[in-house]
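Undergrad: Using the hints, put the two standalone chains together into the complex.
What follows is each chain in one-letter form.
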Amino acid sequence: MNSQAIPPLAPDAPTVLEMSNISKSFGAVTALVDVSIKLRQGEVLALVGDNGAGKSTLIKILSGFHQPDTGTIVSQGKEVRFASPRDARAQGIETVYQDLALIGDLSVFHNMFLGREYHKRFLGLNLLDNRKMREQAQLYLDTLGITIPSVNSTVDLLSGGQRQCIAVARSIYSSPKILVLDEPLAALGVRESAHVLGLIQNLRQQRQVSVILIVHNYNQIFEVCDRINFLHSGEVALDASTADTSEEELIRIVKSGLGSRAIDAAAAEVRPGLV
Amino acid sequence: MPPTETKPAKKTGVKVPHTMTERLLILLSRYREASIAVVAIVLVIYFQFGSDGGFLSPQFMSVVLRDTGRLGLIAAAEVMLMITGEIDLSLSAIFSIAPYVMALLSVTYGLPLAVGALIGVLIGILVGAINGIITVRFKVPSLITTVGMLFFLQGIVVSIYNSQPIVAPVEQPFNAIFGQSLYQPSDALLSWHGITAFTPFLWAVVLVLVLALVLARTTFGLHTIATGSNIIGAREIGVRTDRMKIYNFMIAGGFAAFAGIINTAQFTSADPQAGSPFLTLQAIAAAVIGGTSLLGGSGTVIGALIGAFVVASLNNGLVMIGAQATVSDIYLGAAIIAAMILSIQVDRLRTRRRV
Ligand SMILES: Nc1ncnc2c1ncn2[C@@H]1O[C@H](COP(=O)(O)OP(=O)(O)OP(=O)(O)O)[C@@H](O)[C@H]1O
Ligand SMILES: [Mg+2]
Chain S
1 MNSQAIPPLA
11 PDAPTVLEMS
21 NISKSFGAVT
31 ALVDVSIKLR
41 QGEVLALVGD
51 NGAGKSTLIK
61 ILSGFHQPDT
71 GTIVSQGKEV
81 RFASPRDARA
91 QGIETVYQDL
101 ALIGDLSVFH
111 NMFLGREYHK
121 RFLGLNLLDN
131 RKMREQAQLY
141 LDTLGITIPS
151 VNSTVDLLSG
161 GQRQCIAVAR
171 SIYSSPKILV
181 LDEPLAALGV
191 RESAHVLGLI
201 QNLRQQRQVS
211 VILIVHNYNQ
221 IFEVCDRINF
231 LHSGEVALDA
241 STADTSEEEL
251 IRIVKSGLGS
261 RAIDAAAAEV
271 RPGLV
Chain B
1 MPPTETKPAK
11 KTGVKVPHTM
21 TERLLILLSR
31 YREASIAVVA
41 IVLVIYFQFG
51 SDGGFLSPQF
61 MSVVLRDTGR
71 LGLIAAAEVM
81 LMITGEIDLS
91 LSAIFSIAPY
101 VMALLSVTYG
111 LPLAVGALIG
121 VLIGILVGAI
131 NGIITVRFKV
141 PSLITTVGML
151 FFLQGIVVSI
161 YNSQPIVAPV
171 EQPFNAIFGQ
181 SLYQPSDALL
191 SWHGITAFTP
201 FLWAVVLVLV
211 LALVLARTTF
221 GLHTIATGSN
231 IIGAREIGVR
241 TDRMKIYNFM
251 IAGGFAAFAG
261 IINTAQFTSA
271 DPQAGSPFLT
281 LQAIAAAVIG
291 GTSLLGGSGT
301 VIGALIGAFV
311 VASLNNGLVM
321 IGAQATVSDI
331 YLGAAIIAAM
341 ILSIQVDRLR
351 TRRRV
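Protein sequences appear in the order of chains S and B. This note's numbering numbers the first residue of the first sequence as 1 and each following residue consecutively. This note's numbering numbers the first residue of the second sequence as 1 and each following residue consecutively.
These are computed hints drawn from the structure, not numbers from a lab. Yeah, the Cβ is synthetic: ideal placement off N, Cα and C, and Gly gets one too. Any given hint could turn out to be false.
[What the hints assert, rightly or not] Cβ-to-Cβ under 7 Å is the rule here; a few derived chain S residues that face chain B:
#1 P85
#2 A101
#3 I103
#4 L114
[What the hints assert, rightly or not] A partial selection of chain S residues facing chain B, derived with a Cβ cut-off under 10 Å:
#5 S63
#6 G64
#7 A88
#8 L100
#9 L102
#10 G104
#11 R116
#12 R170
This is chain B alone, in the form it adopts within the complex (with noise of 0.2 Å):
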């Protein structure tokens, strides 16, 4: 058949009128990133005034960025979960049970750190496989089977040694890769434990950013993306869903434990207490303030990242600048919930140009 006459002229389609509040919710859709740095900047710069310059000395830095690396970490890996359409709530205890591990075969059977911290790991990611096969060859969600798991390992870890927090040796290089210590007001920021208060956090960014490079430009990201967002098309069209969401609950449980490992190393310390429930609550707030949707299909681990940089800030800025701990929970509450109204806005506003 002759071209001319058979091209569908086409050109209209997508232009929609929009308000000026849609196009600036259009634009944070866009950039959500940016949007999430101008919140942690514009924190940064409140508690830097409210501490009188405290807050971005490299001693509390090394605090704040200890609390976002290990935050950041599990928000990264709940991000890729929440892309796929699931939630993990077990990760605080595998953030627990990795280390406590690593410190106990360490102190009872002088195994060396590196290896303990591989069993650690490994748990981690087999932990998150038996979540994932659960959820998805037995078709519970998610949210149930993470919070089975939950109580089951921090069963299992509180009656492995009576719940005492054990003393992790210290061991080099491992330590110095890993983290030791925080920041002292003796150390120089160029000097090597200078620079060593901040690997916990230095890795975190490491590991983030191969996550978002494995969502962005490989394979699996795509069929991640794919799984959430459409997942019977998905499957139409030869994506295989289960293995993707089995994969990143892997991936989900090696992080949670790859993050209990650093921190254990920065405090020499393994207590099987470490990872509370709230550890989970607030790194999914964190992905959500950092512009993930619950609605799978899309997000953002650079985000988390961020959005874990908040949190950490307003848990210790708000201490800093005199308020009480708990007042910080008021804060993480609201800017949770306008996260989440903003994220819903612009979902939204997605959905509706859908036809």
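Bound conformation, chain S alone (with noise of 0.2 Å):
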């Protein structure tokens, strides 16, 4: 089913994310140097690396939960600055969190619609519209073909894989221009890797949604990615094509590069399953 391949990007796909030069350290601990990435519309981008690379921190300084020491975003072609990760949403920029950012004292419903509810005026007063947030949750979740036991349970009741179900159908539901999404298939089985690869496939080419996505398993790369950035101790290490380069040159690529430790890596990472 996934076995077609990944239609060409349009040679003139105008970029729609340029970040520049950003470092980001915590105190003592310096997570990022300099990394530039670059992103264009409908493209999909692969953010590969060890663990503590920083591509989590990456790409929290582009949904404004965290802020850069230096750099620039540039997002469809004006520099911005995220003071939060609501002027980020504001932006079009959804993003899965690793932790997926659910509220396990929250419904389904209202974990889908935090941060812009639907409201109702009722005696002067702005109430929230919880009746319209099920149905939407309820009717979203359908079309993506995601089911769950009741929109009504708290988050704490699903199992892990319903719950990044649930993060990845919250990030899609504004219509984002970028998605960004770190370990989306981490907990989630053959079958429901294969949907949530599908859903970013029909985003591409239907609404030419821009993606990076952070994985570790180069099939799944190969797979949706067009091109592919390997950070390495804060850097960025390799920025290649998929379509020029093979997985076992990519694989052999990193393991030439970067020693030892990183080959045990890169063959753990291409252990099928293994995620």
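TA: What follows is the structure, encoded as structure tokens:
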């Protein structure tokens, strides 16, 4: 089902996002050094790297959760500065965080609409329109083919994979321009992984959404990604197109360039099923 | 991709077999207010028989409900904070200082009580804001921030006027609206004076219901829960968690100030010692007995009001049926611990089902 080739990116696809010379330290820990990445419209960019390489930190800067120490972000042609995730979301940048950012004590539908709740006027008060949110959430999850016991149940009660599905569904609900996914497949079964990868493909082809995908499984990368950036010790060590690179070649480059520790890590990463 | 091929079939997932005790705990967690209400009713019946019918007399009820009102306001405010994962131990001092300022302004400058009350409530809100800002900006645990604030305010209030109680003037319609003396034996239940004996309690009921509405039906309430349930996640998705905490500290300060004001209106006296730290502790006890966990992320303000009624009933009822005043503390202590054990069992059940 997933063997269809990735259609090539339009040669004139405009750049929608450019993060330049981003550095970030947490006290004594340097997470990112002078990292630059570029994303074109409709492109799916894989961000790979060892544990602790700084992938999550980079996308949390893009999402407005962290502020960079240095560097600039240019989105849709103009420089932006995100003081909080609200700003990034307002600009059409949606993020699925590695920790999913779901609220365990709230229901599925409240989680779906957290930060952009529907309201109704009642006696002059601005109250939550729970009915509308419940219906919309149910409808939307049905459309995406995501089945959960009930949109009313609290997220606490869902399985890890179900929660991951909710987080992904939430991120694409508002038709983002840029979608950032930090290991969205980590807890998903084979079917669900394929399903989410399919969703990414659809978004890209039908709505020209640009995607940054952090994922450890190289098979999955070659299934959906146009380009791959390898982050190592807080720096971009490799920027390659998946069309010009074969899976074996990529692994060889990663191995040869980066010492034995990276070889083991890369070997572990390509073992199928080990995510 | 064709949907038939990709639809994940996941209908199972939350089916966990439960023992009888677990089922009972689940039931309790779902209907926390109801279970505490049952406790309250049992207590009322016990005291009613123990006192040969004196407990439910309007006169005695006006005392119990007065205590319930002021305790319930503080307990409900404390619940909002506990939901965000914070606590405020300075509320008793705000309870003292707000009406003291009101009475002082009235006595020395002839300011109308209503204006003084407004100033008092604003002071409470301001103190709450300071508590909140110190807690979130400087990352001082709120337990410490507010204990500091408690001593600070207590020091101020006793130094303003040599720690003397002030007789607050009676003004109409202020006192009719906010409270004027307890129920007298000569009152008829449906007389104007008879009804105004319960106004402080009615205020508490109205405000707690408003808070319950805010918690359950507004974005503010949703974000309050999100803040306490998963602060990092809430922040990642764009909830302004710092603000949510500060706002809830402000609500708590305002509520405590208002509780102090209706208390003073009813006693027509502002005593700098009116709110001992014990008041805050009783309010927290009421919140816990009412079913609010200390883990953050959930809580019930209506439960807190009923919990306040339980505490007030214990305090007054035991004395009425002839126990020593101190005996009520024994029961209160036991009740707090029992409620906590129950609450933690319920929470553990909830977290155990977390994957
Ligand atoms: N909030 C923080 N405070 C301090 N250090 C941090 C913080 N967040 C990340 N770091 C550090 O920054 C470095 C990069 O972490 P990051 O989470 O970005 O890695 P990653 O590439 O996403 O790893 P993984 O594949 O394990 O998710 C690590 O050394 C980590 O310890
Ligand atoms: Mg990460």
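Undergrad: Now tell me if each hint is right for this structure.
TA: Against the structure, the hints come out as follows:
1. P85: Nearest chain B Cβ about 4 Å off; hint holds.
2. A101: 4 Å, holds
3. I103: 5 Å, holds
4. L114: Since chain B brings a Cβ to about 5 Å from L114/S, closer than 7 Å, the hint holds.
5. S63: 7 Å, holds
6. G64: 8 Å, holds
7. A88: 8 Å, holds
8. L100: This interface hint holds because 7 Å falls under the 10 Å limit.
9. L102: Because about 6 Å separates L102/S from the closest Cβ in chain B, which is inside the 10 Å limit, the hint holds.
10. G104: 6 Å, holds
11. R116: 9 Å, holds
12. R170: Because about 8 Å separates R170/S from the closest Cβ in chain B, which is inside the 10 Å limit, the hint holds.
The structure fails none of the hints (numbered hints given earlier).
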